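Once you've looked at the hints, dock chain U against the given chain F.
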Amino acid sequence: MVDVVSSEGPAAGVVLAGGRSSRMGTAKAALEWHGSTLLYRTTALLARTLDGPVVVVAAPGQDLPALPAGVAVTEDPVEGRGPLQGIAAGLTAVAERASQAFVCSTDMPFLHPAFVRCVLGGLTPAADVALPFARGFRQPLAAVYRTSLAGPAAELVADGMLKPGMLFARCTVTSLDDARLLSDPDVARFDPDLDSVVNVNEPADYAAARGRKPAEVVVECFGALASDGRRGPRPVAAATLAAAADAVGLTLDRHVVAALNGDQITRDPLLPLVAGDTVAFLSADAGG
Amino acid sequence: MAPGGYFGRALVVDVAGDAATAAPLPLDDAVLRAYLGGVGLGTWLLHTLSPAGVDPLAPEAPLAFVFSPLVGTPLTTSAKFAVVATSPLTGLLTDALASSQFAIAGKLTGHDAIVVRGRASVLSVVLVDASGVRVEPCPELAGLPAADAETALSARFGRGWRSAAIGPAGERGVRFATISHDGRHAGRGGLGAVLGAKNLKAVLVRAGTKAAVADAPAVLAAARDLRARSFGPATAKYRELGTLANLLAFNAVSTLPTRNFTAATFDGAPRLAAEELHELRGVARNSCASCSIGCEHIYSRRGGGSQRMEYENVFALGPMCGVSDPDDVFAASARCDELGIDTISAGGTIAWAMECAERGLLDEPWLRFGDGAALLRALDAIGTRSPGLGELLAQGSRHAAGVVGHGSIDFAPQVKGLELPGYEPRTLQAMALGLAVNSRGADHNRSGAYEADLSGEVDRLDGGDPHVHAAIATEDRAAVMDSMILCKFLRGVFTDPFTEWAALLAPVTGWDLDADELRATARRIVTAKRAFNLRAGATAADDTLPARMLETPLVLASGRSAALTADTLRSMVAGYYAARGWDAEGRPCT
Chain F
0 MVDVVSSEGP
10 AAGVVLAGGR
20 SSRMGTAKAA
30 LEWHGSTLLY
40 RTTALLARTL
50 DGPVVVVAAP
60 GQDLPALPAG
70 VAVTEDPVEG
80 RGPLQGIAAG
90 LTAVAERASQ
100 AFVCSTDMPF
110 LHPAFVRCVL
120 GGLTPAADVA
130 LPFARGFRQP
140 LAAVYRTSLA
150 GPAAELVADG
160 MLKPGMLFAR
170 CTVTSLDDAR
180 LLSDPDVARF
190 DPDLDSVVNV
200 NEPADYAAAR
210 GRKPAEVVVE
220 CFGALASDGR
230 RGPRPVAAAT
240 LAAAADAVGL
250 TLDRHVVAAL
260 NGDQITRDPL
270 LPLVAGDTVA
280 FLSADAGG
Chain U
0 MAPGGYFGRA
10 LVVDVAGDAA
20 TAAPLPLDDA
30 VLRAYLGGVG
40 LGTWLLHTLS
50 PAGVDPLAPE
60 APLAFVFSPL
70 VGTPLTTSAK
80 FAVVATSPLT
90 GLLTDALASS
100 QFAIAGKLTG
110 HDAIVVRGRA
120 SVLSVVLVDA
130 SGVRVEPCPE
140 LAGLPAADAE
150 TALSARFGRG
160 WRSAAIGPAG
170 ERGVRFATIS
180 HDGRHAGRGG
190 LGAVLGAKNL
200 KAVLVRAGTK
210 AAVADAPAVL
220 AAARDLRARS
230 FGPATAKYRE
240 LGTLANLLAF
250 NAVSTLPTRN
260 FTAATFDGAP
270 RLAAEELHEL
280 RGVARNSCAS
290 CSIGCEHIYS
300 RRGGGSQRME
310 YENVFALGPM
320 CGVSDPDDVF
330 AASARCDELG
340 IDTISAGGTI
350 AWAMECAERG
360 LLDEPWLRFG
370 DGAALLRALD
380 AIGTRSPGLG
390 ELLAQGSRHA
400 AGVVGHGSID
410 FAPQVKGLEL
420 PGYEPRTLQA
430 MALGLAVNSR
440 GADHNRSGAY
450 EADLSGEVDR
460 LDGGDPHVHA
470 AIATEDRAAV
480 MDSMILCKFL
490 RGVFTDPFTE
500 WAALLAPVTG
510 WDLDADELRA
520 TARRIVTAKR
530 AFNLRAGATA
540 ADDTLPARML
550 ETPLVLASGR
560 SAALTADTLR
570 SMVAGYYAAR
580 GWDAEGRPCT
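Protein chains in written order, with numbering that gives the first Met the number 0: chain F, 0 to 287; chain U, 0 to 589.
Hints should not be assumed to be uniformly reliable.
[Said to hold, decoys possible] Selected chain U positions facing chain F (in silico; Cβ < 7 Å):
#, residue
1, Leu219
2, Pro232
3, Ala233
4, Lys236
5, Leu247
6, Leu453
7, Ser454
8, Gly455
9, Thr538
10, Ser557
11, Arg559
[To be verified] Ranges between beta-carbon positions, derived for each pair:
#, chain 1, residue 1, chain 2, residue 2, range
12, U, Gly387, F, Gly228, 49 to 57 Å
13, U, Ala129, F, Ala68, 53 to 61 Å
14, U, Glu357, F, Gly150, 50 to 58 Å
15, F, Arg233, U, Ala565, 40 to 48 Å
16, F, Asp185, U, Ala565, 28 to 36 Å
17, U, Asp515, F, Pro59, 44 to 52 Å
18, U, Thr551, F, Pro59, 43 to 51 Å
19, U, Gly387, F, Gly231, 44 to 52 Å
20, F, Asn200, U, Ala227, 54 to 62 Å
21, U, Ala51, F, Ala68, 45 to 53 Å
22, F, Val217, U, Thr564, 26 to 34 Å
[As the list claims (entries may be wrong)] Covered stretches of chain F, going by a simulated chain U footprint (3 or more residues, C-beta under 8 Å):
#, region
23, 221-234
24, 238-251
The set of hints was computed from the structure by calculation and includes no laboratory data.
Only a predicted model underlies this, so the values are computations on that prediction, with no experimental measurement involved.
The beta-carbon is built from N, C-alpha and C at its ideal position, and this holds for glycine as well.
This is chain F alone, in the form it adopts within the complex (with noise of 0.2 Å):
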């Protein structure tokens, strides 16, 4: 169930998650993040986003924190050869299910579906790889790539080449810069500064991530939740589903599920929410 399908037909999500984290000093993939991880945060961010299937490369032997239902885990070959590795082993583990896939790392915080979509549009039918160049540098962990680059960036790795940039070189580009990128009105609407790309690499960084107020989220409630002053749309501040639940004063037990976007329903209370979400609380008890 997701935001967006692409008109390529399914599209992946790769989320690199077996960086050193050395700056950080412990592992980003295991930092909280409103109740859950940084590495939920993401994986969930995608899965409700994308069409296809959403895979986690992690380093041989890592220990990951809990991931969304449905969420696979894949290994890098060798540990601590670089992203370009772990793009590899991404795409590799999900080209039969999908012709391309958005890759990123696990520590981007902001990452919106709008962004999301936009990169996935931004590639071209010439183009083997969609590259953002935001915020005043290339982003290859934001970016979308064709599933059949898993054995030419593999070959690259086994030859030693481990940058993305080598990789870009023997295929086509397709370069979204700021300009491009905001010209999407969803982009420009719910991520004007494109937070999508910011990543926490540093204590200072995770701190001021996690210190932001959560997005504004429109909240419904609807039939019996209704009651006790909650009918009708609000905003409120709200990281995940449950904060918006806790927001109007819901408790979500099994007895109420959630809409999300009028498409996707929910009982997850971990589901990441961003700007311009409308979550519709409804009685599980449907029908009659």
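For chain U alone, coordinates are given in the frame of chain F:
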């Protein structure tokens, strides 16, 4: 000796001329344990008593009123009865439930079921009590609404009698006429036309005996526990707003069928919503007999009077026909009650006719989506079977589309001839399967697969194997609930339903049964219904949805497209057959 909760016999009543004969049909322990009661036992009775290929409106076609072991116990919501027959709308098995004192009085005539066959020479009623059966002519009741007929019958025969009656539409053979008692309809499939074809305005029953249960203290304890649980959060929706609470919620998730399934959201939904009506109208609550939930919400009508409103009648007579004025919908619902017709089939058939008229396939320029007066005019035409449009629409949308032609069957909102309830199959794809394969036709009470779609348990926009299993699970649960019989609005209070249901049945019947036995019972009942339909001529080709649903994606409010392809549905149907242990043509293998 019969098991607790049973009498071990049905009464088969044959009406001929101005008299009736009656004979008991023994129901042994094995039959009762295998089919329980209600829909299950009714299916067995139809297998036993219905001649193959019989015209549903022929005198020899049986019409069964079936009770259950729980009827008459203090268990909440148990005062229910099933009416089972071959449907004049689908030509297949149909069963409908209603809740009222008729269930208790009918069972306490000393029978687990009362089956009526034959035909009276003039409009009559059949009276059944512990002392016997008789026929009384009642030509003075011709054309009366069922409620008025009940009042007249009570005055004539006394207050101890309870009557299941038809309105004028049943007398006139409208193929989606209902049978009702105390304002509650056995609504779907045209059972009222079956009773009307027997020239019977009503069946009256009077209690004259008692039904013993195996362990009365245990039944009382179970009843107290179930009653307490029935006040919990699982039933809050029904208590506080009633089923009409679905309307805004379904609109929010793009599953509110609108203008004959051309859209899944309706701009006028807020005007018809329970939340809105509760603020603007006087509202009263009521309960069925022996029910502690109290789901009925009765709204005051502008200009006087009141009307009970449920989601299905508001959906069918509101969004489905593009009508957003609540007073028009109230008036249309009241008219359906007076005529004695199923609101879902009435609304669906009229919505189809509105689309035909707008496309120029019907020369009825006044019949337009959104026109409440046109809706009422069409209902009257159906109820009176007026020549032309009324006669056409009284046959239901499938038959009418066959007459009109020009591809109008593609958008006739029906499966197997039964009009679709208010659940959009393209955005509820487990429900799509449930609607396609159900024995009764497009039906939300015998398959509640929407529960899986709306729980997040499956991806509701991408049908597949998980949807098959969800559809089977809800169909099996319904088969047991409709046979033991308990109201489905209780389903949320059970966390381990088959185990808990076995624990309810055991002290009533004295049977040592468990969840696995009840699961097998569910499968047996579903298969028996299937077998009856196959005998009546149904084939795998009937297990589908209207072409519109399979060829035209819906654009959702979010901008996404919801598509259900014929291949996806075929694949799910094939998976359903396989999981049921049936062959590739949907035939039970054993």
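Now for the hints, and whether the structure bears them out:
1. Because the beta carbon of leucine 219/U sits about 27 Å from the nearest beta carbon in chain F, more than 7 Å, this interface hint is broken.
2. About 5 Å separates the beta-carbon of proline 232/U from the nearest beta-carbon of chain F, less than 7 Å, and the hint is met.
3. With its C-beta approaching chain F no nearer than about 6 Å, alanine 233/U sits inside the 7 Å limit, and its interface hint holds.
4. Restraint check, lysine 236/U versus chain F: the minimum CB separation of about 4 Å is within 7 Å; hint holds.
5. The closest approach between the C-beta of leucine 247/U and any C-beta of chain F is roughly 5 Å, which is under the 7 Å cut-off, so the hint is satisfied.
6. Checking leucine 453/U against chain F: minimum C-beta separation of about 4 Å stays under 7 Å; hint holds.
7. Checking serine 454/U against chain F: minimum C-beta separation of about 6 Å stays under 7 Å; hint holds.
8. Interface restraint check: glycine 455/U against chain F, minimum CB-CB distance 4 Å, threshold 7 Å, status holds.
9. Given hint, threonine 538/U at the interface with chain F, is violated; its Cβ is 29 Å from that chain's nearest Cβ, farther than 7 Å.
10. Taking 7 Å as the C-beta cut-off, the interface hint given for serine 557/U holds, the closest approach to chain F being about 5 Å.
11. For arginine 559/U, the shortest C-beta to C-beta distance to chain F is roughly 6 Å, which falls under 7 Å, so the interface hint holds.
12. Judged by the Cβ atoms, the range 49 to 57 Å given for glycine 387/U and glycine 228/F holds: they are separated by roughly 52 Å.
13. At about 58 Å, the beta-carbon gap between alanine 129/U and alanine 68/F stays in the expected band of 53 to 61 Å.
14. A C-beta distance of roughly 56 Å is found between glutamate 357/U and glycine 150/F, which places it inside the suggested range of 50 to 58 Å.
15. Taking the beta carbon of each, arginine 233/F and alanine 565/U are about 42 Å apart, inside 40 to 48 Å as hinted.
16. Against the hinted window of 28 to 36 Å, the Cβ-Cβ separation of aspartate 185/F and alanine 565/U comes to about 33 Å, which satisfies the hint.
17. Distance hint check for aspartate 515/U and proline 59/F: the Cβ-Cβ separation is about 46 Å, which falls inside the suggested range of 44 to 52 Å.
18. Distance hint for threonine 551/U and proline 59/F: a CB-CB separation of about 50 Å, consistent with the stated range 43 to 51 Å.
19. Look at glycine 387/U against glycine 231/F: about 46 Å separates their beta carbons, and that is inside 44 to 52 Å.
20. At roughly 56 Å, the beta-carbon separation of asparagine 200/F and alanine 227/U lies within the given 54 to 62 Å, and the hint holds.
21. For the pair alanine 51/U and alanine 68/F, the beta carbons lie near 49 Å from each other, so the given range of 45 to 53 Å is met.
22. Evaluation of the 26 to 34 Å hint for valine 217/F and threonine 564/U yields a pass: the beta carbon distance comes to about 33 Å.
23. Remark: the region 221-234 of chain F is confirmed as covered by chain U, as 6 of its residues place a Cβ nearer than 8 Å to a Cβ of that chain, reaching the required three.
24. With 0 residues having a Cβ less than 8 Å from any Cβ of chain U, the region 238-251 of chain F misses the three-residue criterion, and the hint is violated.
When held up to the earlier numbered hints, the structure conflicts with 1, 9, 24 and fits the remainder.
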